[in-house]
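Colleague: Chains B, C, D, E, F, G, H, I and J: place on chain A using the hints.
Residue numbers (full-length UniProt numbering), protein chains in the order written: chain A, 1 to 154; chain B, 1 to 154; chain C, 1 to 154; chain D, 1 to 154; chain E, 1 to 154; chain F, 1 to 154; chain G, 1 to 154; chain H, 1 to 154; chain I, 1 to 154; chain J, 1 to 154.
Everything labelled a hint here was simulated from the structure, so no lab data went into it. Please note that the accuracy of each hint is not assured.
[As the list claims (entries may be wrong)] Derived coverage of chain C by chain D (criterion: at least 3 residues anywhere in the stretch with Cβ under 8 Å from a Cβ of chain D; other residues may be distant):
id, region
1, 36-45
2, 88-94
3, 125-134
4, 142-148
[What the hints assert, rightly or not] Label-pair ranges, simulated between beta-carbon atoms:
id, chain 1, residue 1, chain 2, residue 2, range
5, B, Asp37, D, Arg23, 36 to 42 Å
6, D, Asp134, C, Ala30, 22 to 28 Å
7, J, Arg24, G, Asp134, 47 to 53 Å
8, J, Pro150, I, Arg23, 37 to 43 Å
9, H, Ala83, D, Pro78, 30 to 36 Å
10, G, Pro135, E, Ala28, 41 to 47 Å
11, C, Leu12, I, Arg131, 44 to 50 Å
12, C, Leu12, H, Arg23, 56 to 62 Å
13, F, Arg130, C, Pro135, 25 to 31 Å
14, H, Arg24, F, Asp37, 27 to 33 Å
15, J, Arg24, F, Asp37, 25 to 31 Å
16, E, Asp128, H, Arg152, 46 to 52 Å
17, A, Gly137, I, Asp117, 40 to 46 Å
The structure displayed is predicted, hence computed values, not measured ones. Backbone N, C-alpha and C define an ideal beta-carbon position, used for all residues, glycine too.
10 protein chains.
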Amino acid sequence: MSITPIPPLDRLQAATAVLAAKRRTGLAWADLGRAIDRSTEWTTAALLGQHPLTAEQAAALGSALELDAPVVEALELPPVRGAHVVDTSEPIVYRLQEMVQVYGRTISELVREEFGDGIVSAIDFEMDLRRVEDPKGDRVVITLNGKFLPYRSW
Amino acid sequence: MSITPIPPLDRLQAATAVLAAKRRTGLAWADLGRAIDRSTEWTTAALLGQHPLTAEQAAALGSALELDAPVVEALELPPVRGAHVVDTSEPIVYRLQEMVQVYGRTISELVREEFGDGIVSAIDFEMDLRRVEDPKGDRVVITLNGKFLPYRSW
Amino acid sequence: MSITPIPPLDRLQAATAVLAAKRRTGLAWADLGRAIDRSTEWTTAALLGQHPLTAEQAAALGSALELDAPVVEALELPPVRGAHVVDTSEPIVYRLQEMVQVYGRTISELVREEFGDGIVSAIDFEMDLRRVEDPKGDRVVITLNGKFLPYRSW
Amino acid sequence: MSITPIPPLDRLQAATAVLAAKRRTGLAWADLGRAIDRSTEWTTAALLGQHPLTAEQAAALGSALELDAPVVEALELPPVRGAHVVDTSEPIVYRLQEMVQVYGRTISELVREEFGDGIVSAIDFEMDLRRVEDPKGDRVVITLNGKFLPYRSW
Amino acid sequence: MSITPIPPLDRLQAATAVLAAKRRTGLAWADLGRAIDRSTEWTTAALLGQHPLTAEQAAALGSALELDAPVVEALELPPVRGAHVVDTSEPIVYRLQEMVQVYGRTISELVREEFGDGIVSAIDFEMDLRRVEDPKGDRVVITLNGKFLPYRSW
Amino acid sequence: MSITPIPPLDRLQAATAVLAAKRRTGLAWADLGRAIDRSTEWTTAALLGQHPLTAEQAAALGSALELDAPVVEALELPPVRGAHVVDTSEPIVYRLQEMVQVYGRTISELVREEFGDGIVSAIDFEMDLRRVEDPKGDRVVITLNGKFLPYRSW
Amino acid sequence: MSITPIPPLDRLQAATAVLAAKRRTGLAWADLGRAIDRSTEWTTAALLGQHPLTAEQAAALGSALELDAPVVEALELPPVRGAHVVDTSEPIVYRLQEMVQVYGRTISELVREEFGDGIVSAIDFEMDLRRVEDPKGDRVVITLNGKFLPYRSW
Amino acid sequence: MSITPIPPLDRLQAATAVLAAKRRTGLAWADLGRAIDRSTEWTTAALLGQHPLTAEQAAALGSALELDAPVVEALELPPVRGAHVVDTSEPIVYRLQEMVQVYGRTISELVREEFGDGIVSAIDFEMDLRRVEDPKGDRVVITLNGKFLPYRSW
Amino acid sequence: MSITPIPPLDRLQAATAVLAAKRRTGLAWADLGRAIDRSTEWTTAALLGQHPLTAEQAAALGSALELDAPVVEALELPPVRGAHVVDTSEPIVYRLQEMVQVYGRTISELVREEFGDGIVSAIDFEMDLRRVEDPKGDRVVITLNGKFLPYRSW
Amino acid sequence: MSITPIPPLDRLQAATAVLAAKRRTGLAWADLGRAIDRSTEWTTAALLGQHPLTAEQAAALGSALELDAPVVEALELPPVRGAHVVDTSEPIVYRLQEMVQVYGRTISELVREEFGDGIVSAIDFEMDLRRVEDPKGDRVVITLNGKFLPYRSW
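Isolated chain A (complex conformation) (with noise of 0.2 Å):
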């Protein structure tokens, strides 16, 4: 029986440890994507503590980062999802939510029109951000893609 049953981190101190540990070792984003082949905007993500990761996933993360055990070991628990996680007055943040409060209706409107009754899931979701070169100032392009779901009547 061990003396401290608490577990040492949890997904948010093992998103500090990361994100130290990236620093360190001068790794991109990408390079992490690659170590688990998957995508580079779900594998930031899941490092954040947003998805979950297996047991070979963050074995092959930890590797690549040099992280000690106790983090390899707290990326395995399952995310910690939720408002806390993210500060909305972020200033990149708040753009995002500025697009939502802009947009939000409009794309509300276009999807009923589209798609009938329904809403766009933000769980069968994917996302991508990519840089876009322009002469007056290069673009950051996200795209946001959520299966439709319809309501059910019954």
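Modeller: Showing chains B, C, D, E, F, G, H, I and J alone in chain A's frame:
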């Protein structure tokens, strides 16, 4: 001197009138975009009150939608942007909100790694929504395209 | 061109009119469900403004409830969903809220163990409420039935 | 007289220790329910800190989960119920929240019609969660079963 | 078919009309309780919109208070309970709020010790307010009387 | 000059230590009230940190509960009252909260009618909780007894 | 039986009418205080809806301010106190708020030291505001005078 | 170069240490004011962290209160003002809050009438608290004295 | 005695009427400033309801903008300042808000270092906004000019 | 592999250490700006955690302030921006907040008139604070200089 100095309609009331006229005329948002030679997305946002419309654009949309003169006039008012215009608990909008919650820090990290210290503009920005057919259920693909703006140091 | 472009009633006002008509006619929610061949629960939610009704459904309900034409027309408007539509401090709703508070993490854990990483859909969803007689006091049994949606990784 | 009068663990810390022990031992929630002859759902809620456990129940669960003595002792503390124990923005919990939002008034109306003025108890209450296989995707069926309590007039 | 399907008054407007009629007629709350053979406290709460009134009760109260027919009709509507009905910063209500703040945990502890795990019902509940003369200043004595409801385990 | 000028325990930590000692010693709240010749209710509130205790009272309670010296010393600190000390979503406290919500305006009206413009003191106040046996289920009867304080006009 | 049972004005609307009449008549608050033989401060608060006025006081003020009968009648209604009546972000009110923020704990400590455990009554209270000339800029001196109320122990 | 660059105590921790030392030494707030030749009120506020203290003042107070060197050093730090420093639900502070609520608009009106458009400074401000004996119960008299600052127009 | 004692327009409604009249007449804010010999910035703020206008100023502005008499009269009402007058989520206002968020502590530190303990007045204050041409994109330069006010000690 | 993978200090802790070192060394913010050849304002914001510092900048500042290696290392971490970093109730920051409240709509109107539909960038932005001597009391002049960004239409 007129008797009622207060304009009969504001942008939000004009948006309600536009939605009613759209139902009555059976026009699609894409038809309205074509009427003013703008994208479907921008036109929808503008008619919902989020972007300014010139007198010519308001007249063309008023003609297509068979709007009354006071509604057309109200469409020429400045836009009314802000948090009170969208209800983030509306199910479609909430899924966008949850995407920001789950992927907001991921986007911050990827933008910082690729571009350095700065933000994705919500102003020098365009947005596109389209249906992608999929045998497992069609998908909604939303593209957010904003200029990267680096923080100035001085 | 009509003089008043704003529709006389919205979905929430239509719901108020429906409740008054229901009292006047003495019909039960189950009668209204039968009138459109849908479940009592879905029909109640739709008449309270949470689901769309087709022109045929609105006409059948308008006929059963002896509704005025503007109310019937308002029933065909899109639903108005969101946090402002329900008062979570209303005593019955609060008990539902407290059930989520007390058993929310339990449900998360049991879903994760049984199904893996994902959610219970509130969209591909149906709900059923019935009375179960009990000598110690009859019971309300509410069944929530939602499709499991696994998180996509990519 | 002991030197540290403050108990080493509270119910929330005990819940964290239980989750770690469950991962270590590979037991299922149903196994734990069987260990104390209670339902899986009640047992899960109790281990997460929402219900009291007797000394016997705590000992049986401690033995099954190979828990340290301080964790077993903490399981005998009174439950810690309240809004701070659950994060309503966690994606599964939010869907429950949205169900309350969309169907809360429907439930109020149906209860009032069927039972009269009163509430559905969240105390004289039991809950059941099970998987229902479905070729279009398995479903989570949650049954909420609460006694109807009529308002007293006096 | 009536021209105005929306009822002219709701319960809160009826309460305002009742307060005006009470001032006009000079009746006391106790007189109104006697008119329907209920306690003063329950009757006051009912007239303020917190409890349902039968057609007979509404008629008796309407006769005593010389209310118009639409007010009497509105008194028969279902009650409107919820946090928006009371302003907790109103000085008397705030003192009740502060009593809950100062003595809430005390009540929880004493109930748990005396009755075990459960709550004091706010539904199977009655309340009584009376003046107790005191040479140092008369006192308001409020008695809260609720059934103990034990948590069910299953 | 001492090395650690900050006291080792505050009133809330003392309350936690008191609850643990009460469990250990098996004393009832009434026993503790008798130990200092005060009511059970006041004593419970005081031990939970809501009222000041004299050095004599703290010593007597420390002796009864076999408390360490630092806990006894902390009991002599000023009380820590305020909204953060109680969680109004804890199920028992919430029922009190709901009673205030449902009957708050009723109490305001009855006080105004009986006493005139003023409040019920929460300071010159005493509270009493007792069990009343009832064949349909025992009842919790809480008596709130506060001095009426008239508003001064000047 | 009157046709409109709802009174035409409430206390807040009466306050608006009083402010307009005060501008029209050019009376000062002190004039109004003299008209009912009360202090300027109490009278101002009463006319703004925070204190009750007797029929005689309302008539005297109505005569001085040349108010319409419905406004005079509304002045006799019970006061409307609560947080919604004042906007704490209004610049003068905010400075009062900030004084509470900066000196609130100071006042608590000084009251406790001088008087013991209790509060400063906001009910058995009077307030006075006067100008004090000062060559460096005149000063506003506000005197808050409340009875000390000791906590009762029992 | 020191090993721990972070100072051991901040102003709030220093305030806690001061309160403990005051209890230990039995000094009154007035004694502390005399020790630095300032008013009791300003000195109390300063020791609670709301005003800056010079090195000389900190030393004199440290000597009077027999404070450790780290506490004296912390007293020289800049003040920590802001809403988080005071709990407005603490009963004494709440009464101040309620005074602002009930008399805030009155003060605004009286200041505007007497001085014109401007505010009462909370910076060029002093405050005084004293006991006034009264056979019906002693009174707390708090004098708020702030410079009137007129709005500049330009 | 007039029939409608409530003034037909308040400052916010007057501001709406001013914006409509400005559009109709094609005047610039600078034209309006010149009409009353005040700065463009102060005049804009005053017309939006944030500053008082004398009868002469209101008349001059009413003449320039061809306003109706009730609007001119409303411009003479006291200003309506407070948080509800501005929506901090409006995109321009939010950027100001974010500047305060990013640079607020910086400004506090620089003011403290340069001036000592005190604040920058928002009352003895003036503000100026101008365009500065820049080949990379013109710039908005906003100058905030407030008197330093030292905290008084006493 | 290191034993503690979590970095010992974050940007906010580094800011606390910087403030202590600045006090110890007696350096001014302007000295620190000169040490890295940047403005005083930008340097202050960066040291408080709002802007990134290069390794060279961190080393130069660390040398000037005689910082420990862990603090210097922490200064190289990414900035921590967001609403939690500033307390808007701190008196200086609140005045900035109030300026936004009073003049926010004015700035929106003037920007729209002069530049058209768009915003003032808070990213391509610089800020300057200086003392202006004035016989009536010196003034703080803060210049906010942001690029105008027009909304894109597409």
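Colleague: For every hint, state whether the structure bears it out.
Modeller: Here is what the structure says about each hint:
1. 36-45: holds (count 4)
2. 88-94: Holds, because 5 residues of the region 88-94 of chain C bring their Cβ atoms closer than 8 Å to Cβ atoms of chain D.
3. 125-134: holds (count 6)
4. 142-148: The restraint on the region 142-148 of chain C holds, since 7 of its residues have a Cβ under 8 Å from chain D and three suffice.
5. B:Asp37 / D:Arg23: 36 to 42 Å: violated, 60 Å
6. D:Asp134 / C:Ala30: 22 to 28 Å: Once the Cβ atoms are compared, 26 Å apart, the range 22 to 28 Å for C:Ala30 and D:Asp134 holds.
7. J:Arg24 / G:Asp134: 47 to 53 Å: violated, 41 Å
8. J:Pro150 / I:Arg23: 37 to 43 Å: violated, 20 Å
9. H:Ala83 / D:Pro78: 30 to 36 Å: holds, 33 Å
10. G:Pro135 / E:Ala28: 41 to 47 Å: violated, 60 Å
11. C:Leu12 / I:Arg131: 44 to 50 Å: holds, 46 Å
12. C:Leu12 / H:Arg23: 56 to 62 Å: holds, 59 Å
13. F:Arg130 / C:Pro135: 25 to 31 Å: 30 Å Cβ-Cβ, so the 25 to 31 Å window holds.
14. H:Arg24 / F:Asp37: 27 to 33 Å: holds, 29 Å
15. J:Arg24 / F:Asp37: 25 to 31 Å: violated, 56 Å
16. E:Asp128 / H:Arg152: 46 to 52 Å: violated, 59 Å
17. A:Gly137 / I:Asp117: 40 to 46 Å: For I:Asp117 against A:Gly137, whose Cβ atoms are near 44 Å apart, the range 40 to 46 Å holds.
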